[in-house]
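Enquirer: Based on these hints, arrange chain C on the given structure of chain X.
The listed protein sequences correspond, in order, to chains X and C. Under our numbering, the first residue of the first sequence carries the number 17, and numbering increases by one thereafter. Under our numbering, the first residue of the second sequence carries the number 260, and numbering increases by one thereafter.
Hints listed in this document are in silico derivations from the structure and should not be mistaken for laboratory results. There is no bait here: all hints are sound.
Sample of chain X residues facing chain C (criterion: CB under 7 Å; computed from the structure):
1. 126
2. 128
3. 177
4. 179
5. 180
6. 182
Stretch-level coverage of chain C by chain X, calculated; a stretch enters the list once three of its residues show a Cβ under 8 Å from a Cβ in chain X:
7. 318 to 329
8. 400 to 407
From a predicted model like this one, the values you see are computed outputs, not experimental measurements. Yeah, the Cβ is synthetic: ideal placement off N, Cα and C, and Gly gets one too.
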Amino acid sequence: MRTLLAIVAFTICWPWALTANAQELPQVHLNAEGLAPRPIEQLTGSSIVRYYALAWQAMGQALESNLSNGVGDAFTGFAKERLVRRVAEQAQAGLHVRIVDHGHQVKALFYSTDGTAMQLTDRAELEIQTFDGNKLISTDNSAHTYMILMTPGADRWYVRDLEEVPAARP
Amino acid sequence: MAHRHRNFHRSLNRVAQLAAMLWVVMGMAMADDLHVPASVEAGQAFSIPTEGSGQATFYVIGPDHVIKRGVNLGSEIQIQAADVTAAGMYQVLVCSQACSSARFEVKAAQPAKLSFFLHPSRVPVSTPDSIDATTLVFDRYWNLVLAPAAVDFHITPATGAGTSRKLESHNGIAWMRMDSTAHEGPVQVTAALGSAQEPRVIQQVAAEACGLRMKAVPSGKSVVLETDPVRDCSGNPLPDGTVVSFTKVDEAGKSTVDTPIKKGVARTQFDLKGPAHISVACGVVLGNEVAVNGKL
Chain X
17 MRTLLAIVAF
27 TICWPWALTA
37 NAQELPQVHL
47 NAEGLAPRPI
57 EQLTGSSIVR
67 YYALAWQAMG
77 QALESNLSNG
87 VGDAFTGFAK
97 ERLVRRVAEQ
107 AQAGLHVRIV
117 DHGHQVKALF
127 YSTDGTAMQL
137 TDRAELEIQT
147 FDGNKLISTD
157 NSAHTYMILM
167 TPGADRWYVR
177 DLEEVPAARP
Chain C
260 MAHRHRNFHR
270 SLNRVAQLAA
280 MLWVVMGMAM
290 ADDLHVPASV
300 EAGQAFSIPT
310 EGSGQATFYV
320 IGPDHVIKRG
330 VNLGSEIQIQ
340 AADVTAAGMY
350 QVLVCSQACS
360 SARFEVKAAQ
370 PAKLSFFLHP
380 SRVPVSTPDS
390 IDATTLVFDR
400 YWNLVLAPAA
410 VDFHITPATG
420 AGTSRKLESH
430 NGIAWMRMDS
440 TAHEGPVQVT
450 AALGSAQEPR
460 VIQQVAAEAC
470 GLRMKAVPSG
480 KSVVLETDPV
490 RDCSGNPLPD
500 GTVVSFTKVD
510 EAGKSTVDTP
520 IKKGVARTQF
530 DLKGPAHISV
540 ACGVVLGNEV
550 AVNGKL
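Looking at chain X on its own, in the form it has when it is part of the complex (with noise of 0.2 Å):
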């Protein structure tokens, strides 16, 4: 029944709301409105869910453990060298951050005709917190904005590149 339940309530939210496994990964919904070059086809939609956000969850837990082993399965590229550097460096200064996800609203800017590339904008909701040691330096409860861009592999998108820019753009 609850198998049932979620194929129709993703039916009904396809395409322009699309949610990732609400259990143990971050909501993500994904807007593909008047996306160009290409417009987005339902499975690959799908997909960049969720593996977007599973790249937020394994990004949350390397930042939390200090442990970047699942990294690589969502990141790619500069992405990818660029959090393991931070998470090798944040167990090397004592620090770890705990990200209490609230969700993303990912809007997709651009498509390759190739389908080799795929840009996309995110207002994520996060409470993230820094520990030095044991100890709450910082909290911060707010909208984070970031560009993204993501490539397809052998069976899965990557992310490929994850900035955070002000909340102005784009």
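Expert: Just chain C, lined up with the frame of chain X:
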């Protein structure tokens, strides 16, 4: 007794939570005291003035870099160029009794590198909007340059004059569609921005056959069929290996032979039983029909 114990622990937890919140709120209240630039360019050193006196712990938390070190309040904290090479938002914290916090943006530096995709690798001649060129603009640290930048696309066909088109990138991406030209052969497309140049080559191939014709030469009880040189409407010869289909209908029934073009022409032979009609086709293009031992 146990109930009292639980209440005591709850109260203790509540006090600890309130103390933590108060401590963080105090830190936020002091945030105004920390003056950081709203934005800096990637790879540019700068300094952050501090107020007060005594020792404090200074933190910078960026997309790929974390700094933690002791500082003397009242002095300027130097941020090295190498500390801010990744574009994004950075958080600065100065903690003594409480923490002051501020955020600043590191913007990509000037455009310096291009990533260029040209699609597809082979394209039929004279086809509108058949070639897609997509360029991503990066700075020297491989940050996507989100500010608009002018990208030049130079298109150089194997024969004929080249053309250029200038496009402004939007959020780091410039893309265009263009028509393939009338002549087969390689076409070089170069994306250029300042000293950064990325050339790519695609192969333009002949389009569908045009004016397909064959001739039939009877030879006893068989007929030899041969096409004229198979070309597209722009006069480009179709590549060897392109399949041409000959279909014969006679008293024996219908028979089709698929044969590849060799040296520009396709050739085959049919045995005949009575008068026959023979047609030729290449892809979706139909050629002429001939009648053998009968009327056309």
